Amino acid sequence: MDHAPRRGVARVVGGRLAPVDLPGDSRPDPVAAAPAFDPAEGVVEVAHLTKRFGAVLAVDDLTFTVQPGRVTGFLGPNGAGKTTTLRMLLGLARPNGGTATIGGRPYGARPQPARSVGAALEAASFHPGRTALDHLRVYAPQIGVEDRRCREVLDQVGLAEAAERRVGGFSMGMRQRLALATTLLGDPQVLLLDEPANGLDPEGIAWLRQFLRWLAAQGRTVLVSSHVLSEVEQTVDDVVIIARGRLVHASSLAGLEALARPAVRIASPDAAGLAALVQAQGWAPVTSFESATTATVFDRRAAEVGAAAFAAGLQLHELSPADTSLESLFLQLTADPGPPGVPAQGSGVAR
Amino acid sequence: MIAALRTELRKVATTRSWWLLALVMGGYMLAMSVIMAGSFILAIRQAEAAGEPVDISGGLAGDGAAAVLDATTVATSVYTLAVALGYIFPAILGALAVTTEFRHRTITPTLLAEPRRGLVLGSKLVAVIPFALVVALAGVVGTVLGGAVTLALFGEPTLLGDPEIQGIIARQVLALVLWALVGVGFGSVLTNQVAAIVVLLAFTQFVEPLLRILLAQFDATEAASRFLPGAAGEAIAGSSLYVSSGLAELLEVWQGALVLLAYAVVLLLIGRVTTFRRDIG
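Here the protein sequences come in this chain order: A and B. Just so you know, the numbering used here puts 299 at position 299 of the first sequence, and the rest follows in order with no gaps. Just so you know, the numbering used here puts 196 at position 196 of the second sequence, and the rest follows in order with no gaps.
Warning: the hint list may mix true and false statements.
[Said to hold, decoys possible] To give an idea of the chain A side of the interface with chain B (calculated C-beta under 8 Å), a few residues:
1) A55
2) G103
3) G108
4) H127
5) V138
6) E146
7) T182
8) W283
9) V286
Note that these hints are calculated values from the structure, not bench results. Predicted, not measured: the structure shown is a model, and the values here were computed from it. Every residue, glycine too, gets a C-beta built ideally from N, C-alpha and C.
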């Protein structure tokens with residue numbers, strides 16, 4: 001069962017955490033060291049889940065599935081209903097409708113649930129007067145693990161040297177690591193992490209990325225919520241995107257990337273010439289004009305558009321690739337279809 | 001059940017509040033009992049000089065009844081200060097067992113580790129008992145030490161050898177532990193830590209004493225005053241300053257224990273169906 005790296009994943013350097021020995025160099029082979037997991041036990045299933053807070057529909061008929069052995073990004077702007085969904089999955093909040101199960105059962109129906117599902121909802125869930133080790137020791141009996149497991153998980157998240165320090169003096173990054181350590185106590189098959197990268201420095205994010213990939217490689221289910229796609233873009237295999245409590249997209253990351261279209265932005269002082277070029281090339285259906293002299297041509301490459309303009313003798317002041325990035329695609333998907341000019345926010349409730 | 005209990009025991013043990021409360025209660029009770037014993041000695045000396053018995057009720061006892069200041073009255077009044085004044089400390093200890101979880105949001109990991117909420121609340125109730133015992137002992141030892149030493153220094157009888165006095169002293173410990181259970185119940189109803197402590201302080205130090213004196217003034221309401229939680233706690237001890245000063249009557253020991261326990265149970269049940277049924281977070 002022990003898959004902890006023999007050497008520390010990170011160490012404290014001058015009070016800061018610096019990752020060393022990233023997976024791949026000194027870690028044991030994840031597959032060889034992994035406990036055997038029953039994939040059916042690792043499937044997270046949300047079906048027609050609905051949660052109402054007064055007049056606000058925080059989660060609205062939400063349905064998605066999370067597969068084991070993969071890192072799934074649970075994405076959406078703040079207030080989209082991510083945390084509320086996780087709370088319902090974990091039995092902390094009662095849905096108004098629908099079901100949320102892990103391995104086919106509601107969380108509360110599992111004996112010693114923390115041994116099969118590890119969840120971290122808030123990085124601030126600590127008593128500031130307790131040491132990191134004491135925090136873990138408090139939960140160890142209830143989770144059903146030996147006390148020595150507490151030091152193992154501290155070591156795993158790179159907090160071994162901060163074990164005897166009071167959590168009140170911890171940085172946000174250290175709290176995130178301790179929250180992660182708490183979820184790992186029961187060596188769970190399913191990990192549900194709410195915004196685990198919040199407050200981590202770039203090194204910490206790189207470390208987390210490797211760590212989550214390593215956990216998924218062992219066959220575990222890893223669900224990571226975030227309100228920033230770019231934060232998890234390099235980590236996740238699958239994405240579940242929600243906005244205003246509704247599902248807007250669920251696919252593999254490749255599936256999301258396929259939605260991103262190539263595009264070229266052109267500008268010319270010759271408005272008539274520009275219009276004529278678009279007409280002549282048959283680009284009209286895929287072109288959007290910002291003004292008479294500026295346009296974006298979709299599904300074309302810069303070289304192709306540049307060559308056509310050159311051939312037509314059209315003077316260009318701008319010719320630049322304007323591919324829809326994953327981030328802007330994410331923004332488009334989650335945008336509030338409210339009145340134009342009104343920034344899309346505040347349509348849901350936090351938590 | 002054992003696992004949940006071990007977790008709750010560790011929760012209290014790994015924070016500083018329980019021994020801080022024990023320390024403060026011990027010190028506070030020591031000081032109060034010295035002051036109280038000193039005041040009695042002063043009153044006795046003045047009365048002796050004037051050659052008349054001492055009325056310590058300040059005229060509040062009504063019906064012209066005067067409480068005579070004899071050695072037993074002095075001893076019981078001083079030695080029961082822990083239950084008469086100090087019960088706020090175990091009550092806060094109990095309340096903190098619940099409110100800390102909400103203040104620091106540790107209720108989330110707690111309910112993730114054990115989703116059976118009734119079991120969590122029950123474990124908290126049991127886990128608080130050993131720590132309440134420490135706080136209670138600190139308070140009672142402080143009270144008796146301060147009182148007895150002061151009385152002895154001025155040549156007054158301490159009556160510590162009197163089995164009845166010993167019983168009163170010992171039963172205070174039980175009353176104070178029951179107060180911790182009431183605290184757990186109260187904390188489960190009012191989970192805002194600051195509000196819980198303020199309300200506990202206001203009720204125990206101001207509202208209830210005032211209510212007891214007022215209710216005791218009328219025959220129709222006098223009986224009701226005995227069922228107030230503070231009065232029930234004193235009934236477990238068997239006496240108190242209120243009684244020896246003629247301000248109030250108390251229930252029987254067993255009745256007092258049942259009444260105080262009933263307060264704890266009712267509050268816990270309310271907490272179970274409100275706080276511990278709601279969505280968390």
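Checked hints:
no.: 1; hint: A55; in the structure: violated (17 Å)
no.: 2; hint: G103; in the structure: violated (15 Å)
no.: 3; hint: G108; in the structure: holds (4 Å)
no.: 4; hint: H127; in the structure: holds (5 Å)
no.: 5; hint: V138; in the structure: holds (5 Å)
no.: 6; hint: E146; in the structure: violated (12 Å)
no.: 7; hint: T182; in the structure: holds (6 Å)
no.: 8; hint: W283; in the structure: violated (52 Å)
no.: 9; hint: V286; in the structure: violated (47 Å)
The structure is inconsistent with the numbered hints 1, 2, 6, 8, 9, although it conforms to all the rest.
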